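Based on the provided sequences and hints, a complete structural model is requested.
2 protein chains.
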Amino acid sequence: MAKKKTKVNRPKAIQPRGFRDYFGVEVTERAEMLSAITEVYHRYGFDALETSAVETVEALGSFLPDVDRPNAGVFAWQDEDEAWMALRYDMTAPLARVYAQYRNDLPTPYRRYTVGPVWRNEKPGPGRFRQFYQCDADTVGTASMAADAEICAMLADTLEAVGIDRGDYIVRLNSREVLNGVMEAAGVLNPDDPDAHAEERGIVMRAIDKLDRLGPGGVRALLGAGRKDESGDFTDGAGLSDAQADLVMGFMEARGADAAATIAALRGLVGGSASGARGVDGLEEIAALLDAQGYGPDRILVDPSVVRGLGYYTGPVYEAELTFEIEDEKGRKQQFGSVAGGGRYDDLVKRFTGQEVPATGVSIGVDRLLAALRAKGRIGGTSVGPVVVTVMDRDRMGDYQAMVAELRNAGIRAEVYLGNPKNFGNQLKYADARGCPVAVIEGSDEKARGVVQIKDLALGARLAADMETHEDWKAQPAQMEIARSDLVAQVQAMIARAEG
Amino acid sequence: MAKKKTKVNRPKAIQPRGFRDYFGVEVTERAEMLSAITEVYHRYGFDALETSAVETVEALGSFLPDVDRPNAGVFAWQDEDEAWMALRYDMTAPLARVYAQYRNDLPTPYRRYTVGPVWRNEKPGPGRFRQFYQCDADTVGTASMAADAEICAMLADTLEAVGIDRGDYIVRLNSREVLNGVMEAAGVLNPDDPDAHAEERGIVMRAIDKLDRLGPGGVRALLGAGRKDESGDFTDGAGLSDAQADLVMGFMEARGADAAATIAALRGLVGGSASGARGVDGLEEIAALLDAQGYGPDRILVDPSVVRGLGYYTGPVYEAELTFEIEDEKGRKQQFGSVAGGGRYDDLVKRFTGQEVPATGVSIGVDRLLAALRAKGRIGGTSVGPVVVTVMDRDRMGDYQAMVAELRNAGIRAEVYLGNPKNFGNQLKYADARGCPVAVIEGSDEKARGVVQIKDLALGARLAADMETHEDWKAQPAQMEIARSDLVAQVQAMIARAEG
Chain A
1 MAKKKTKVNR PKAIQPRGFR DYFGVEVTER AEMLSAITEV YHRYGFDALE
51 TSAVETVEAL GSFLPDVDRP NAGVFAWQDE DEAWMALRYD MTAPLARVYA
101 QYRNDLPTPY RRYTVGPVWR NEKPGPGRFR QFYQCDADTV GTASMAADAE
151 ICAMLADTLE AVGIDRGDYI VRLNSREVLN GVMEAAGVLN PDDPDAHAEE
201 RGIVMRAIDK LDRLGPGGVR ALLGAGRKDE SGDFTDGAGL SDAQADLVMG
251 FMEARGADAA ATIAALRGLV GGSASGARGV DGLEEIAALL DAQGYGPDRI
301 LVDPSVVRGL GYYTGPVYEA ELTFEIEDEK GRKQQFGSVA GGGRYDDLVK
351 RFTGQEVPAT GVSIGVDRLL AALRAKGRIG GTSVGPVVVT VMDRDRMGDY
401 QAMVAELRNA GIRAEVYLGN PKNFGNQLKY ADARGCPVAV IEGSDEKARG
451 VVQIKDLALG ARLAADMETH EDWKAQPAQM EIARSDLVAQ VQAMIARAEG
Chain B
1 MAKKKTKVNR PKAIQPRGFR DYFGVEVTER AEMLSAITEV YHRYGFDALE
51 TSAVETVEAL GSFLPDVDRP NAGVFAWQDE DEAWMALRYD MTAPLARVYA
101 QYRNDLPTPY RRYTVGPVWR NEKPGPGRFR QFYQCDADTV GTASMAADAE
151 ICAMLADTLE AVGIDRGDYI VRLNSREVLN GVMEAAGVLN PDDPDAHAEE
201 RGIVMRAIDK LDRLGPGGVR ALLGAGRKDE SGDFTDGAGL SDAQADLVMG
251 FMEARGADAA ATIAALRGLV GGSASGARGV DGLEEIAALL DAQGYGPDRI
301 LVDPSVVRGL GYYTGPVYEA ELTFEIEDEK GRKQQFGSVA GGGRYDDLVK
351 RFTGQEVPAT GVSIGVDRLL AALRAKGRIG GTSVGPVVVT VMDRDRMGDY
401 QAMVAELRNA GIRAEVYLGN PKNFGNQLKY ADARGCPVAV IEGSDEKARG
451 VVQIKDLALG ARLAADMETH EDWKAQPAQM EIARSDLVAQ VQAMIARAEG
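So the sequences go chain by chain: A and B.
Counting in the working numbering, the first sequence runs from 1 upward without gaps.
Counting in the working numbering, the second sequence runs from 1 upward without gaps.
Simulated from the structure, these hints should not be mistaken for laboratory data.
The structure displayed is predicted, hence computed values, not measured ones.
Worth double-checking, as some hints may not be accurate.
The list makes no distinction among identical chains, and a pair is therefore deemed to hold if it is satisfied within one copy or across any two copies.
[Stated by the list, open to error] Mimicking DSSO-like on lysine-lysine, the simulated pairs with C-alpha atoms at most 27 Å apart in a straight line are: (1) K12 to K350; (2) K422 to K350; (3) K429 to K350; (4) K228 to K210; (5) K447 to K422; (6) K330 to K376; (7) K333 to K376.
Structure below.
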């Protein structure tokens with residue numbers, strides 16, 4: 001019979017651009033880390049909140065927190081009733097919506113933590129994905145600096161809880177109000193006419209956000225006449241005089257020998273600015289509270305050179321940085337850098353209710369922190385597979401299933417080989433691909449004698465890799481015959497030996 | 001100064017229709033349940049997989065697994081490069097994409113579990129949300145009935161692991177191939193001309209899917225001439241003769257005194273159909289494997305009256321039902337019903353690669369299972385708040401923060417009250433709203449004497465509610481004065497007393 005050929009249009013088996021899949025330990029290690037983080041957040045008195053991935057576009061608003069990416073967008077679509085919906089781009093916008101919606105029922109202050117993916121409609125790049133995890137904690141409804149101090153302390157505790165040693169991280173603390181005070185002292189901010197000099201302040205803010213990348217010289221150029229980059233492109237500067245620029249540079253370089261020295265330097269810089277004085281007082285209060293709780297400058301440091309996010313926040317700003325070195329793709333050593341940031345923002349629910357509600361909070365970049373732990377070798381071990389009961393006689397699946405049931409009931413991860421059992425070599429290849437520690441073998445001969453063979457696959461692999469250990473092999477054979485009735489105990493012992 | 005009034009268009013603080021928020025224990029209880037489920041899946045040898053929420057529309061395809069809702073849609077939008085993307089509507093479509101994409105690198109069989117939200121663009125209704133959790137386990141790449149048997153066993157173990165007692169659930173097992181055999185015997189399916197009678201078979205399939213709702217009489221009518229419902233609307237029937245309809249009804253009512261009797265009855269019904277014989281052999285094999293592992297008919301039962309999803313699956317079909325009664329909103333008792341379902345489907349990756357890859361798997365409806373545990377009173381306790389250190393003297397925040405640091409370092413959930421401390425009553429109201437077990441009070445007088453007051457808030461609430469316990473109160477005062485240096489030990493003791 002002649003068959004009519006039809007062209008088949010098959011879908012491509014590929015994820016959308018900028019999205020990725022996570023397998024095995026990548027998933028479980030993240031789950032363990034999130035569990036460790038939320039355990040600390042919970043101990044600090046924060047309650048869990050989980051909102052849906054989807055919000056109305058109206059509730060999300062159109063701004064993104066990260067000034068580096070002002071054009072970053074959201075994934076949005078229209079519902080059947082024409083209303084626009086979108087995937088959340090961070091956890092702060094949904095918190096604002098929730099607090100405005102339930103404010104009469106929630107305790108004040110409202111302390112909540114949340115964890116989950118967020119989505120950014122951005123051009124994907126290497127290592128830059130359009131879905132990633134955030135783990136946030138925020139305190140809403142208090143202007144107390146004790147709330148900011150507490151979040152800095154919690155951030156330090158959290159990093160240690162997930163396996164970053166003390167000395168391998170630093171939480172840096174800065175203040176937007178102090179920067180405002182410095183700009184006031186420099187004459188580019190007038191509290192009585194807040195719109196004046198807005199353009200200059202925008203350039204100043206973007207310039208100091210680039211301190212990491214351009215260094216002090218580059219920032220200084222942008223504060224003044226402008227800067228020509230390596231490609232020859234010219235960026236206009238803020239046009240500050242040398243004296244004005246000195247003040248701003250002085251702010252970034254104000255870190256002294258200890259918190260008291262830094263705070264004194266900042267107090268000098270802000271001159272008579274009320275905002276500046278408030279900011280310096282705040283930093284002083286936070287430093288004193290942290291000192292009372294035993295968090296020294298080896299963990300949390302007042303450091304005005306932390307400038308990221310200053311444009312977004314309204315009060316204290318904090319950032320956790322990992323200080324150990326890793327090698328980049330070209331083998332150059334460099335510090336790992338920022339894994340978490342946060343600060344005070346007082347306009348949280350104003351968009352919804354018109355009321356100013358003070359809030360402060362932190363967001364941990366979960367995927368970056370996981371990458372850091374992998375770079376330190378703290379996680380990222382290969383996955384340990386299940387004990388595999390091989391199939392020697394396909395009519396006796398019941399016997400093999402009974403074995404795995406016994407092993408599982410004893411808490412041992414185990415499975416029967418469920419592929420085609422014809423080729424025994426394929427069964428061992430499967431066990432190898434899964435990283436299985438032990439294979440169990442029971443042919444008809446073993447069955448008749450009431451025994452099974454158990455094979456230490458990890459030891460077998462080591463023996464195969466290193467012929468010198470032949471003596472060890474005799475002492476610790478990779479395969480042994482045991483009584484069927486001893487299956488659970490002997491497999492347990494073999495796994496323990498492999499782990500020890 | 002006259003201010004120009006501008007109309008402010010404030011966004012509404014509300015989630016999109018059909019979405020909801022989860023607070024406190026709602027979040028943590030789900031996290032604990034998911035952890036218990038995935039622990040069992042892992043012990044059975046399944047590996048974790050986490051795909052992104054977003055897939056290409058092309059990869060998702062346009063079909064949904066649940067035949068009850070053929071018009072159910074997805075949330076979709078166009079990327080900048082015009083490609084259509086959508087939120088996943090289940091976990092099976094992404095698994096198909098992943099298996100097709102990585103099939104040369106994945107072990108065969110590939111056993112994976114996954115957990116996360118899925119989204120359905122449906123009309124929301126009471127208790128019916130557009131985002132909900134699924135927790136799936138699938139074995140891809142094996143036709144062995146041992147894979148199906150294993151998933152039934154795992155489903156039973158999982159329900160017990162999350163707190164459903166044996167006797168409160170049943171896993172029912174059925175077979176699409178047996179139904180095909182019955183339809184062949186009834187003359188509405190011809191293996192040599194598979195397209196013939198497709199319309200009748202569609203009506204038969206939809207009719208038996210309605211057994212729960214219409215009862216045997218209603219299904220019988222739909223198999224024959226048709227059925228007029230209470231509103232007077234008429235639904236066309238499949239037009240089967242009485243003898244044909246008897247066969248189909250016989251299938252649904254084939255459950256006998258034990259698995260052997262049921263299987264014998266089914267063998268009689270399928271006559272000479274090869275598909276039917278294969279299906280009956282499969283059920284027999286699964287029943288024998290489950291028996292070898294000790295899963296009796298009190299946990300897993302061959303029962304052809306389970307008909308949900310028969311249209312979607314291609315081989316064995318299984319469904320977990322909770323058998324205890326709960327009261328519906330009108331106070332009528334009814335069985336809780338289905339919380340998980342699954343089966344064998346052999347066209348998983350065919351859309352992508354053209355190859356048939358056999359697979360079988362289960363999906364647990366996490367939110368329904370949580371509702372069941374709440375109905376049984378197994379979870380859903382009120383949230384226990386942190387120990388609250390009250391603020392008597394706002395200049396001594398450092399002292400109070402030092403107290404919570406001590407408590408937290410001892411593993412006790414604790415916080416300083418961060419609201420306005422002026423009104424002490426508000427501090428206790430806050431502690432009450434949070435469900436705090438203990439309040440710590442240290443005024444200047446206590447500070448001078450080196451003591452603190454600790455207040456058992458749970459006991460205080462019980463005392464306030466019940467005046468007869470005055471004697472108890474004297475024996476167990478709700479408030480006591482302790483040495484400041486005993487803070488951690490005494491708070492620990494008070495919490496232990498409250499829990500005991």
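Here's how the hints hold up against the structure:
1. K12 to K350: between (46 Å within a copy, 12 Å between copies)
2. K422 to K350: Between. Shortest inter-copy distance 25 Å satisfies the 27 Å Cα cut-off; intra-copy 69 Å does not.
3. K429 to K350: between (61 Å within a copy, 26 Å between copies)
4. K228 to K210: Within one copy, since 14 Å is at most 27 Å while 74 Å is not.
5. K447 to K422: within (18 Å within a copy, 79 Å between copies)
6. K330 to K376: within (18 Å within a copy, 59 Å between copies)
7. K333 to K376: within (13 Å within a copy, 57 Å between copies)
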